[in-house]
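There are 2 protein chains.
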Amino acid sequence: MKQIQLLNKIDKIGTDEFDREKYTLSETAENPCGILVRSSSMHEMDFGDNLLAIARAGAGVNNIPIERCSEKGIVVFNSPGANANGVKELTIAALLISSRNIVGGINWANAQKGQAEVAKLVEKGKSKFAGPELRGKTLGVIGLGAVGGMVANAAYSLGMDVIGCDPYLTVSAAWSLSRAIIRAENYDEIYAKSDYITIH
Amino acid sequence: MKQIQLLNKIDKIGTDEFDREKYTLSETAENPCGILVRSSSMHEMDFGDNLLAIARAGAGVNNIPIERCSEKGIVVFNSPGANANGVKELTIAALLISSRNIVGGINWANAQKGQAEVAKLVEKGKSKFAGPELRGKTLGVIGLGAVGGMVANAAYSLGMDVIGCDPYLTVSAAWSLSRAIIRAENYDEIYAKSDYITIH
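Those protein sequences? They're chains U and A, same order as listed. Heads up: take any position in the first sequence, counting from 1, add 68, and you land on the numbering used here. Heads up: take any position in the second sequence, counting from 1, add 68, and you land on the numbering used here.
Hint data in this document are derived by calculation from the structure and do not stem from the laboratory. Worth double-checking, as some hints may not be accurate.
Given that identical chains are not distinguished, each listed pair holds provided it fits within a single copy or across any two copies.
Cut-off 30 angstroms, straight-line C-alpha distance, at most; resulting in silico cross-link-like pairs (DSS-like, lysine-lysine) [to be verified]:
| # | residue 1 | residue 2 |
| --- | --- | --- |
| 1 | K181 | K261 |
| 2 | K196 | K90 |
| 3 | K80 | K194 |
| 4 | K205 | K80 |
| 5 | K181 | K205 |
| 6 | K140 | K77 |
| 7 | K140 | K194 |
| 8 | K192 | K80 |
| 9 | K196 | K181 |
| 10 | K188 | K261 |
| 11 | K77 | K181 |
| 12 | K80 | K188 |
| 13 | K80 | K90 |
| 14 | K196 | K70 |
| 15 | K70 | K80 |
| 16 | K205 | K77 |
A quick note: this is a predicted structure, and the numbers were derived from the prediction, not measured.
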């Protein structure tokens with residue numbers, strides 16, 4: 069049986085890929101041929117002679133000593149884009165929350181608890197949180213990879229004008245963009261024309 | 069000069085409609101021919117003999133004594149849909165915020181301030197706020213008027229399956245819906261099939 073070591077909790081949808089007649093998966097595997105990792109730092113780890121590959125559930129590989137792996141012939145995989153939709157949704161949430169100071173509004177509403185004449189206080193105080201709508205504003209997107217492209221398309225469908233810039237744009241990423249997204253020549257154009265800027 | 073009374077602060081875009089050679093607008097107009105109102109309660113007000121019309125900047129008319137106005141021949145206008153996009157954006161924000169407990173996450177992050185080893189604490193604690201994505205979930209929309217229709221379309225463009233129900237649906241409202249919005253036969257179908265429900 070080949071050993072696979074799990075340095076973090078990995079979702080079942082990933083671990084189910086392994087044929088259990090050939091592989092044993094555990095946190096304590098000794099001298100594994102493969103390692104699955106999320107956020108654990110591997111910089112201080114010693115790698116056994118069996119180790120062929122490290123797979124990261126996530127985009128970045130800053131927790132993995134790439135250079136040492138390269139020297140030892142250990143292949144490092146990452147999984148860019150796997151959580152792109154989740155990040156897109158959080159980015160849209162951040163745009164809405166910050167544009168209207170929604171968290172400030174929630175804290176203010178909670179502070180009215182138990183006060184006399186709450187209805188009148190709310191009627192008077194709520195205008196402080198009127199904040200601008202996103203519709204009709206211009207969003208500048210820096211970086212149009214897996215996440216940035218989805219954010220650009222979603223913001224456009226919410227009625228924003230969207231301009232984007234990515235010096236390393238791939239054909240595949242460009243293909244997935246709504247044709248309504250306008251290409252900025254450079255970052256300066258983004259800074260000059262945007263009401264909101266998001267960096268990916 | 070005809071007098072128009074402003075019971076609340078009304079945006080310039082509305083008051084600019086009046087020809088200042090014919091109308092005087094003020095908060096203290098005596099015996100006005102028209103009244104503009106937002107949230108002030110008019111139930112205890114006496115209406116002068118000149119009053120022809122009351123216009124409300126908003127959808128509901130619960131602050132206006134409709135029956136008394138009808139008896140006296142005073143026309144009451146409202147402005148449904150005027151703030152529909154703003155409410156749509158807040159509804160989408162509420163969906164995102166509640167699905168992932170984003171406010172809980174912000175409060176939790178603030179509580180880590182000043183603690184030693186913040187990076188480790190965050191790495192350990194952040195999974196409590198992993199919450200589900202909206203994409204692929206089913207949103208039930210009850211009421212497909214000015215706001216509900218916009219929410220339905222926006223949720224669909226964020227990747228949700230959307231079902232809607234409105235016994236009083238107008239042709240004009242139906243026309244503005246994305247054809248991907250599925251018509252539920254009744255509220256029970258909404259309750260049975262939805263992961264999230266929004267009422268408009």
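Now for the hints, and whether the structure bears them out:
{"no.": "1", "hint": "K181 / K261", "result": "neither (42 angstroms within a copy, 35 angstroms between copies)"}
{"no.": "2", "hint": "K196 / K90", "result": "neither (63 angstroms within a copy, 34 angstroms between copies)"}
{"no.": "3", "hint": "K80 / K194", "result": "between (46 angstroms within a copy, 19 angstroms between copies)"}
{"no.": "4", "hint": "K205 / K80", "result": "between (42 angstroms within a copy, 20 angstroms between copies)"}
{"no.": "5", "hint": "K181 / K205", "result": "neither (35 angstroms within a copy, 34 angstroms between copies)"}
{"no.": "6", "hint": "K140 / K77", "result": "within (26 angstroms within a copy, 72 angstroms between copies)"}
{"no.": "7", "hint": "K140 / K194", "result": "neither (62 angstroms within a copy, 33 angstroms between copies)"}
{"no.": "8", "hint": "K192 / K80", "result": "between (51 angstroms within a copy, 20 angstroms between copies)"}
{"no.": "9", "hint": "K196 / K181", "result": "both (18 angstroms within a copy, 27 angstroms between copies)"}
{"no.": "10", "hint": "K188 / K261", "result": "neither (40 angstroms within a copy, 39 angstroms between copies)"}
{"no.": "11", "hint": "K77 / K181", "result": "between (41 angstroms within a copy, 27 angstroms between copies)"}
{"no.": "12", "hint": "K80 / K188", "result": "between (52 angstroms within a copy, 25 angstroms between copies)"}
{"no.": "13", "hint": "K80 / K90", "result": "within (17 angstroms within a copy, 73 angstroms between copies)"}
{"no.": "14", "hint": "K196 / K70", "result": "neither (62 angstroms within a copy, 33 angstroms between copies)"}
{"no.": "15", "hint": "K70 / K80", "result": "within (19 angstroms within a copy, 74 angstroms between copies)"}
{"no.": "16", "hint": "K205 / K77", "result": "between (41 angstroms within a copy, 25 angstroms between copies)"}
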